[in-house]
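Residue numbers (my numbering), protein chains in the order written: chain B, 1 to 537; chain L, 1 to 445.
Just so you know, the hints here were simulated from the structure itself, not pulled from any lab data.
Among these hints, one or two may not hold up.
For lysine to any residue, the following SDA-like pairs were computed, each having C-alpha atoms within a straight-line distance of at most 25 angstroms [to be verified]:
#1 Lys239(L) / Arg200(B)
#2 Lys315(L) / Asn76(L)
#3 Lys233(L) / Ala215(B)
#4 Lys205(L) / Gln217(B)
#5 Lys77(L) / Arg323(L)
#6 Lys240(L) / Arg200(B)
#7 Lys239(L) / Asp71(B)
#8 Lys287(L) / Gln70(B)
#9 Lys341(L) / Glu133(L)
#10 Lys287(L) / Ala87(B)
#11 Lys140(B) / Arg202(B)
#12 Lys240(L) / Ile212(L)
#13 Lys77(L) / Ala346(L)
#14 Lys322(L) / Asp364(B)
#15 Lys240(L) / Ala231(B)
#16 Lys109(B) / Asn395(L)
#17 Lys233(L) / Thr227(B)
#18 Lys140(B) / Val64(B)
#19 Lys240(L) / Ala42(B)
#20 Lys240(L) / Gln217(B)
#21 Lys322(L) / Ala231(B)
#22 Lys239(L) / Ile212(L)
Interface residues of chain B toward chain L, partial, derived using beta-carbon atoms under 7 angstroms [as the list claims (entries may be wrong)]:
#23 Asn115
#24 Ser119
#25 Ser212
#26 Leu251
#27 Ala374
#28 Asn461
Note that the structure is predicted; figures quoted are calculated from it, not measured.
Heads up, the beta-carbon is just placed ideally off N, CA and C, and yes, glycines get one too.
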Amino acid sequence: MHRIVAVLALIILMQGMSVCRADGIDDAYEELAASAGSISAAGFNSVRQGIEQLAVSGDPRAAVVIGALQDGLLFANDDHALFIQQADGSYVDARTGKPAPDVTDDDLKAVRINNAVRSAIEAALGSLQLFAPDAPTRLKAASAVFTSHDPAALPALTRALAKETNPEVKQRMEQAKAAAILYDPGASQPDRLVAVATLRARGDQDARSLLSTLAGQTGPVADAAATAVVAIDRVLQIWSVAQSVYYGVSLGSVLLLAAAGLAITFGVMGVINMAHGEMVMIGAYVTFVVQQLMHIYVPSLYQISLLIAVPMAFLVSGAVGVAVERSLIRWLYGRPLETLLATWGLSLVLQQVVRSLFGANNRDVDTPGWMSGATQLGGLTLTWNRMYIILFAFLVVAALMAALRYTSLGLRMRAVTQNRRMAAAMGIKTPWIDAMTFGLGSGVAGIAGVALSQIDNVSPNLGQGYIIDSFMVVVFGGVGNLWGTTLGALTLGIVNKFLEPIAGAVLGKIVVLILLILFVQRNPRGMFPLKGRAVES
Amino acid sequence: MSLDEPTISRRGLGRLGVAAATLAAVGAVKAATSPAAAQATGGTIKVGILHSLSGTMAISETTLKDVMLMLIEQQNKKGGLLGKKLEGVVVDPASNWPLFAEKARQLISVDKCAATFGCWTSVSRKSVLPVFEELNSILFYPVQYEGQECSRNVFYTGAAPNQQAIPAVDYLMSEGKVKRWVLAGTDYVYPRTTNQILEAYLKSKGVAADDIMINYTPFGHSDWQNIVASIKKFGSAGKKTAVVSTINGDANVPFYKELGNQGVKATDIPVVAFSVGEEELAGIDTKPLLGHLAAWNYFESVDTKENKAFIKEWKAFTKNPKRTTNDPMEAHYIGFNMWVKGVEKAGTTDSDAVIDAMIGVSVPNLSGGYSAMMPNHHITKPVLIGEIQANGQFNTVSETPGLVVAQEWSPYVEDTKDLIGDWRAPLRCGAFNVKTGTCTAGKKA
Chain B
1 MHRIVAVLAL IILMQGMSVC RADGIDDAYE ELAASAGSIS AAGFNSVRQG
51 IEQLAVSGDP RAAVVIGALQ DGLLFANDDH ALFIQQADGS YVDARTGKPA
101 PDVTDDDLKA VRINNAVRSA IEAALGSLQL FAPDAPTRLK AASAVFTSHD
151 PAALPALTRA LAKETNPEVK QRMEQAKAAA ILYDPGASQP DRLVAVATLR
201 ARGDQDARSL LSTLAGQTGP VADAAATAVV AIDRVLQIWS VAQSVYYGVS
251 LGSVLLLAAA GLAITFGVMG VINMAHGEMV MIGAYVTFVV QQLMHIYVPS
301 LYQISLLIAV PMAFLVSGAV GVAVERSLIR WLYGRPLETL LATWGLSLVL
351 QQVVRSLFGA NNRDVDTPGW MSGATQLGGL TLTWNRMYII LFAFLVVAAL
401 MAALRYTSLG LRMRAVTQNR RMAAAMGIKT PWIDAMTFGL GSGVAGIAGV
451 ALSQIDNVSP NLGQGYIIDS FMVVVFGGVG NLWGTTLGAL TLGIVNKFLE
501 PIAGAVLGKI VVLILLILFV QRNPRGMFPL KGRAVES
Chain L
1 MSLDEPTISR RGLGRLGVAA ATLAAVGAVK AATSPAAAQA TGGTIKVGIL
51 HSLSGTMAIS ETTLKDVMLM LIEQQNKKGG LLGKKLEGVV VDPASNWPLF
101 AEKARQLISV DKCAATFGCW TSVSRKSVLP VFEELNSILF YPVQYEGQEC
151 SRNVFYTGAA PNQQAIPAVD YLMSEGKVKR WVLAGTDYVY PRTTNQILEA
201 YLKSKGVAAD DIMINYTPFG HSDWQNIVAS IKKFGSAGKK TAVVSTINGD
251 ANVPFYKELG NQGVKATDIP VVAFSVGEEE LAGIDTKPLL GHLAAWNYFE
301 SVDTKENKAF IKEWKAFTKN PKRTTNDPME AHYIGFNMWV KGVEKAGTTD
351 SDAVIDAMIG VSVPNLSGGY SAMMPNHHIT KPVLIGEIQA NGQFNTVSET
401 PGLVVAQEWS PYVEDTKDLI GDWRAPLRCG AFNVKTGTCT AGKKA
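This is chain B alone, in the form it adopts within the complex:
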């Protein structure tokens, strides 16, 4: 699509050109072909020059050839003829676009690219696409020119600006022009001052980066740039506090997800379940399996495979939880140390089972398109995957609270944990309730696994990284209290993220652990202790 657009743009561009510089085109193609297969600095340099020449040559095939180069599909043979590989593996002649049936892989060497070449490609495609008919492509093109800030793009920018009607694109083009002017040694001082003001108004890290290249120079432009950098820094400082809060909430939501299940099994039932992390891990593997199956059988729904993985993970982890409760944990009620050791052993068994079934290597769980990338809110960068996980964590906790509060199973669970004998006397089958409660906690852990598969490695060790944090959250928040767990997770997340830049990630974790130990010494029951007779029983 982009290439077609680019070709159209190029035709428009060509109308403005009276002479077609054929020899320039020949040179450009020769530069590209001659350096095929080369990985020397000189080779990459000549590829870059070839691209730059091609971009301004007015050749209608320029955008197609440069696009093919970007995708690694441009090849040359020993006679310096260039070919583009098609999706079906056949080749077309790069200069004419005609099929080249007798060319085979063995005759060809790829034209290699490195990061410097890649920047040149982006800049070239950017300036070719400034005249694209659709606004998003133009916006992307303007951003590419802004990044490359190549003064060679100035004439094209000026022409594009004159025609531009979309305010957002226009603004981006003006910023791109300002960036290019700063790098243009021939620009006049008033132009450069305007450029500094435009970048100051943009006010983000990229603008700051461009402006600070002027540091060390003298003159009114450099002074204006220095003041602009200070002003931008002041604003960014404030945003960075907000950003840290966001990171903290995001980390907190991950902790919350991991701990929510434990808040049931440990908090409500009082079972020290060291295999909790493995329930999370099983959930992540269920996500992997669901994705693989959907990829084979229903590829049309692949984008929403995560949504289908959520109930599946709940059921599978929950079933494992019920099985564990019936076979192991029910024999150990009231013996916390034995439970601790038995569940710890169980966690090793589960890890090794998964390792034997799926292998020791990490499994690749895809992130759907709607969860990739980030959005900009003022000076905040909000990554989509974290945003969805924050949302998801709160939904899970709300659902869990509702289940405990409003369902009949929830009522029985609370009854059994508050007074087991009385509940039994009322006809509640307490063993069955125990199994269900443990299953619920494990199932919620499985759901957490679906979310964690998006931000962490799906490996047999996945659960290990979260078991310590989960216990910390539940103990800190107050055993048996979901509100406490929620607040505990968020507090720990935010404290961690504010400590990290100051103390570093390693020391930060240690400091949090020490603070927590001191806190639990003073408040053994956490932030929100349960009250009443049930507590002391």
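Please arrange chain L on chain B, whose structure you already have, making use of the hints.
Leaving out everything else, chain L in the frame of chain B:
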């Protein structure tokens, strides 16, 4: 289940929870599987394989166990060694560093292995080092490492810093015009030593202290949000910035994911990694990582006859057409062939004879040349810089013109700049100070 009330009070639960968390932290994984000890028989030479098959390092090390078994099988098809069959003895040290030493002792004393191929992390190597020296056996260590070590009983077939880290930094300086550096690593011995060397090297090249940012994270770190943000901020000072990553193992995947999500492209801030190979990339979607770099001495994409044959055999041996190859595998390939040659040269598997015979042995590597064992027990290697492609492979963008000889002691660190290792007679010293003319450590009578 009885109707008795639980004997533990809620008050005590909190404390127990902390105890549980502590136990989990200390315990980590200790699932050591004890393999059936191989029976000693007359007509075989035993080769120890000391790689973790469980725990956090299993992801990287399992492959090396498989490649060793393949190499042994191939050698047996060629008629074995000294007329005897080779037999691989596999043990699982379970990513548990003290267990590495125990298993090494078992391989040498109980199984009577002629040589051992093993270890990945530097801590595991440091753990087994005294065992190999005490029992005078031979270890082949296949992974790039921080240098600053030269034992008579170890042959280092991975890269020393000047065979990986320094050429990578040179490449970024000259090709990428990088002026500002982030040195990010996992918090243990390899990244700390490498970064110490790199920092000294960068300063010797005129980089100001303000233009170097050093960051350490724990093993398995998964929340990279504000570290990536601070890298972005560090990179917005108007100078071209690059990240030199010694982040190890699992933590790489979330790190690269976060880079992709926050839109840090290789054309803005390139990341060059020393511990990310084809194996690690197999677990992630590499499209957002296009153009980030890695420095190794081998890539699966290297276009040579030897490499194609090796990949074909590997896929046939593992019966998995998707298995990737990587740099430490090549190191084992080289090391194993060197050992075979050394034993043939010595005519015996006796440690002292083989150690002396090894120096000067030269075998083909997979990138189209020959690697030789030098007197400092390190090998010569080409250095390749590759960019990550969308298909999870590396595209070589730079290659040293010749082979690079390893510097086991860094010339950029004050304490070690005058040291050399030379295990040939008459010097026979792992840390010889050329200024004072004395052997400071590792002397063998």
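Consistency of the hints with the structure:
A hinted pair counts as satisfied when its Cα atoms are at most 25 angstroms apart, and Lys239(L) with Arg200(B) qualifies at roughly 18 angstroms. At roughly 19 angstroms between alpha-carbon atoms, Lys315(L) and Asn76(L) fall within 25 angstroms of each other, so this suggested pair holds. The suggested pairing of Lys233(L) with Ala215(B) holds, with an alpha-carbon distance near 17 angstroms, which does not exceed 25 angstroms. With a C-alpha separation of about 24 angstroms, the suggested pair Lys205(L) and Gln217(B) falls inside the 25 angstroms cut-off, and the hint holds.
Between Lys77(L) and Arg323(L), the direct Cα distance comes to roughly 23 angstroms. Compliance with the 25 angstroms bound is thereby established for this hinted pair. Taken as a hint, the Lys240(L) and Arg200(B) pair is honoured in the structure, with Cα atoms around 20 angstroms apart against an allowance of 25 angstroms. At most 25 angstroms may separate the alpha-carbon atoms for a hinted pair to count; Lys239(L) and Asp71(B) exceed this at roughly 28 angstroms. Note on Lys287(L) and Gln70(B): the hinted pairing holds, with a Cα-Cα distance of about 13 angstroms set against a maximum of 25 angstroms.
Distance restraint check for Lys341(L) and Glu133(L): the Cα-Cα separation of roughly 22 angstroms lies within the 25 angstroms cut-off, and the hinted pair is therefore satisfied. For the given pair, Lys287(L) sits about 18 angstroms from Ala87(B) by alpha-carbon distance, which is consistent with the 25 angstroms threshold. For the hint pairing Lys140(B) with Arg202(B), the CA-to-CA distance comes to about 16 angstroms; that is within 25 angstroms, so the pair holds. Among the hinted pairs, Lys240(L) with Ile212(L) is consistent with the structure: their alpha-carbon atoms are about 12 angstroms apart, no more than 25 angstroms.
With a C-alpha separation of about 22 angstroms, the suggested pair Lys77(L) and Ala346(L) falls inside the 25 angstroms cut-off, and the hint holds. About 14 angstroms separates the Cα atoms of Lys322(L) and Asp364(B), which keeps this hinted pair within 25 angstroms; it holds. A threshold of 25 angstroms between alpha carbons decides the hint, and for Lys240(L) with Ala231(B) the separation of about 22 angstroms falls inside it, so the pair holds. Restraint check: the Cα-Cα separation between Lys109(B) and Asn395(L) comes to about 13 angstroms, which is no more than 25 angstroms; the hinted pair holds.
A distance of roughly 18 angstroms separates the Cα atoms of Lys233(L) and Thr227(B); the hinted pair therefore holds under the 25 angstroms criterion. For the given pair, Lys140(B) sits about 18 angstroms from Val64(B) by alpha-carbon distance, which is consistent with the 25 angstroms threshold. Note on Lys240(L) and Ala42(B): the hinted pairing holds, with a Cα-Cα distance of about 21 angstroms set against a maximum of 25 angstroms. Annotation: proposed proximity of Lys240(L) to Gln217(B) holds, straight-line Cα distance about 18 angstroms (limit 25 angstroms).
At roughly 53 angstroms between alpha-carbon atoms, Lys322(L) and Ala231(B) are farther apart than 25 angstroms, so this suggested pair is violated. Our distance criterion of 25 angstroms between C-alpha atoms is met by Lys239(L) and Ile212(L), whose separation comes to about 12 angstroms. Taken as an interface hint, Asn115(B) checks out: its beta carbon lies about 5 angstroms from the nearest beta carbon of chain L, inside 7 angstroms. The interface hint given for Ser119(B) is met, as the beta carbon of that residue sits about 5 angstroms from the closest beta carbon of chain L, less than 7 angstroms.
For Ser212(B), the suggested interface contact is upheld, since its CB lies about 3 angstroms from the closest CB of chain L, less than 7 angstroms. The interface hint given for Leu251(B) is met, as the beta carbon of that residue sits about 5 angstroms from the closest beta carbon of chain L, less than 7 angstroms. Taking 7 angstroms as the C-beta cut-off, the interface hint given for Ala374(B) holds, the closest approach to chain L being about 6 angstroms. The interface hint given for Asn461(B) holds, since its Cβ lies 5 angstroms from the closest Cβ of chain L, which is under the 7 angstroms cut-off.
Comparing the model with each numbered hint stated earlier shows that hints 7 and 21 do not hold.
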